[in-house]
Amino acid sequence: MSSVSSDPQGDLTAQAYNLFGYRFAFQTEEPNAARRVDTLYGAFRDESAPSEATYQLLRSGPEADGAGWSAHLADGEIKTAPLLQDALYSVEVGICAEVMENANGRHGIHGAVVYGPGGDLLISGVSGAGKTTLSLALAARGLRVAGDDAALLDPETHLIEALPRNFHLDEHSVSLLEDMGLTLPEEGRRYRFVTPADLGVVNPPPARIRFVFLLEPERDAQLSIRPQTQAEMAAALLMETGRGDFTDVEGVHALSGLIGQADSYRVRSGQLSETADAIVRIVSGRPA
Amino acid sequence: MSTETPVPLKRRESVHVQNLPDGSALLFDTATAIAYPITESAARIWELCDGTRTAGQIVDELESCYEIDRETLDKDTLHLIEDLVGRELLDEVTDADSA
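Heads up: the sequence lines are chains G and P, in that order. The opening residue of the first sequence carries number 0 in numbering that gives the first Met the number 0; numbering runs sequentially from there. The opening residue of the second sequence carries number 0 in numbering that gives the first Met the number 0; numbering runs sequentially from there.
For the record, the hints were derived by calculation from the structure and aren't laboratory data. Glycine included, C-beta positions come from ideal geometry on N, C-alpha and C. Take these hints with a grain of salt, some might be off.
[What the hints assert, rightly or not] Computed, partial: chain P to chain G, Cβ under 7 Å:
1. S23
2. L25
3. P36
[Stated by the list, open to error] Cβ pair distances, simulated, as ranges:
4. P:E87 with G:A96: 33 to 39 Å
5. P:G22 with G:E186: 46 to 52 Å
6. P:E87 with G:P216: 26 to 32 Å
7. G:E51 with P:G50: 48 to 54 Å
8. G:R44 with P:C64: 55 to 61 Å
9. G:G269 with P:P5: 31 to 37 Å
[What the hints assert, rightly or not] In silico contact screen, one side only, chain P against chain G (beta carbon under 7 Å); selected entries:
10. S13
11. L19
12. D21
13. A24
14. F27
15. A30
16. T31
Here chain P stands alone, though its shape is the one from the complex (with noise of 0.2 Å):
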């Protein structure tokens, strides 16, 4: 996957988001009962990722909002969104989702 790809990502319904008041998030997968805790800015992809951005348009969102060269900000993104993939937390939505 890269920044390039034009797929939108999409949170699980399984997963539950708990936002803590020092900016962390805890996210909860109720199928497996497993907790992950994230970061404030991987909190805020999270939110991004509501099944219609994809991750380069993610990217443009935190692009306003960090003081990061972009580069960076592709990778950290793309390693983030893999994790979450990888552990199906992050659904990416086909052509077959949306049909």
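The shape of chain G in the complex, shown without the other chains (with noise of 0.2 Å):
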């Protein structure tokens, strides 16, 4: 069964997939948009069983207003935004927050998830600490992004899958990645909106993490990585990343063995290339 149908009620395009079990619907009259939520989703399309959550994508009046576009949000709200790719955006963060709080007795965790030559990564930090452009560095020097943002961590099995995300890059991002040879798709930069499948990554198998990274907010010239110990590694995803479900014994014991399994790192970014220079040689066994 294709999973893409039309609304008998209009023009819209409807598409379903079931995200970690969370079962939702994604509606939208632009074609542009349907593609690339599906670019984003679409090793998860299932219509199997009826959606739980229906998100639409609508025209809701000219672009030269300031309200070209609405997103219907699951609960309700509705996010109006003058340019498609924002409200794509609110589409996909919705999205997500639903999936991470309704985990199925998973942990959320903020991080990027990255398979190496030497075993995977996490690379984690608080929102604007440069995972995502890292991520893509790495991508560029040949690594495979499974998702830059947030990931679902098992208690058992402490492997972790990464939640698929937009890449959301600005200019000087993109700009900094194509010098270092990352070829981003035209649609993917149109809309702002780039995903893993973009690079090569479709549908990730869960990763074991080898090597955890926390990325420092702040910026040198000079490029620092300190390793850690595991225990100051937890602490700090416990009380720096924002603890998200990790405010108990149970969820501290299920990072332990995350963080248990790997060698950890902390790092103060440097210039971008020479940063993911470092990390390059750590993860393939040849520190410098």
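Taking the hints as your guide, dock the two standalone chains into a single complex.
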């Protein structure tokens, strides 16, 4: 069965997904938006059961009026935005929040998940620390990025699964990454909506983390990468990056299980390419 | 406080200890939801704070594990214990507690 169908009430394209147990439908009259969302969640298309929530992206007026698009979220909230990309981002943020809240016993964790040659990486840090840009810089060095912001941790196996997110990039980051040789798809660039699938990572398998990097929000001219004890890293993730699910002993135990299988480093970024190269050396087993 | 103080030290019940494979440990205070990382040697001291040993007795036990002079061991152990007491993770057991 096709996962894309027409709404008999109008011209809406409807797509249904099951993202880690959260069943939702996405409806829009804008084919480009439908395609972008399907690029992000395409590996999770599923129409085998009714959706529990519906998200809509609709044209609400001329862009010149400042309210060109409206994002109708599952909780009834409507967000308007002059640009399609901003409304699309609102939908994606809403879906992410719901998945993290309904994680079926798994713990939401804040960080990018990257597959590396010597084991998988978790790159954590507060919003704005540079997780996305660094992850994509690693992609430019040949590593594979499963997600740049959020993941779900299985408390039993300590495997984590990246939540597919739109890489939210500003023009400066795009320029830096292109200078490093990363090619971003035209449609993704146009709508500021680049996904892991755009970089060749479709339906990524669960990751067993071997390296944890905590990005400090400050940057320096001089790159600094300092090894941390596993307890230091666990405490830092608990106390510095938004504790999310990790507010009780069970959560601390799950997080410790994840950290306990990894080498941990605190990073104060220098130049992007220098930082990426240093991390590649560490995860390739050839530190400087 | 000194290591001569004859007061046993006891871990607070609200504090969960999570030992990590590299030897470090995480103290998680369920009363405040604050996490504190400690080193391998600090984790050993934490385990010895079971309500029966004084600071001096803890140093006695550590002396056989570390090749450090007694004065340094006294100073480092006391510094850690005072820090843990100050953070309300560790209690000094008074006569009233044991009565």
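We went through each hint and held it up to the structure:
no. : hint                          : verdict
1   : S23                           : 4 Å, holds
2   : L25                           : 5 Å, holds
3   : P36                           : 4 Å, holds
4   : P:E87 with G:A96: 33 to 39 Å  : 35 Å, holds
5   : P:G22 with G:E186: 46 to 52 Å : 50 Å, holds
6   : P:E87 with G:P216: 26 to 32 Å : 29 Å, holds
7   : G:E51 with P:G50: 48 to 54 Å  : 51 Å, holds
8   : G:R44 with P:C64: 55 to 61 Å  : 59 Å, holds
9   : G:G269 with P:P5: 31 to 37 Å  : 53 Å, violated
10  : S13                           : 10 Å, violated
11  : L19                           : 4 Å, holds
12  : D21                           : 5 Å, holds
13  : A24                           : 6 Å, holds
14  : F27                           : 5 Å, holds
15  : A30                           : 12 Å, violated
16  : T31                           : 11 Å, violated
Checked against the numbered hints given earlier, this structure breaks hints 9, 10, 15, 16; the rest are met.
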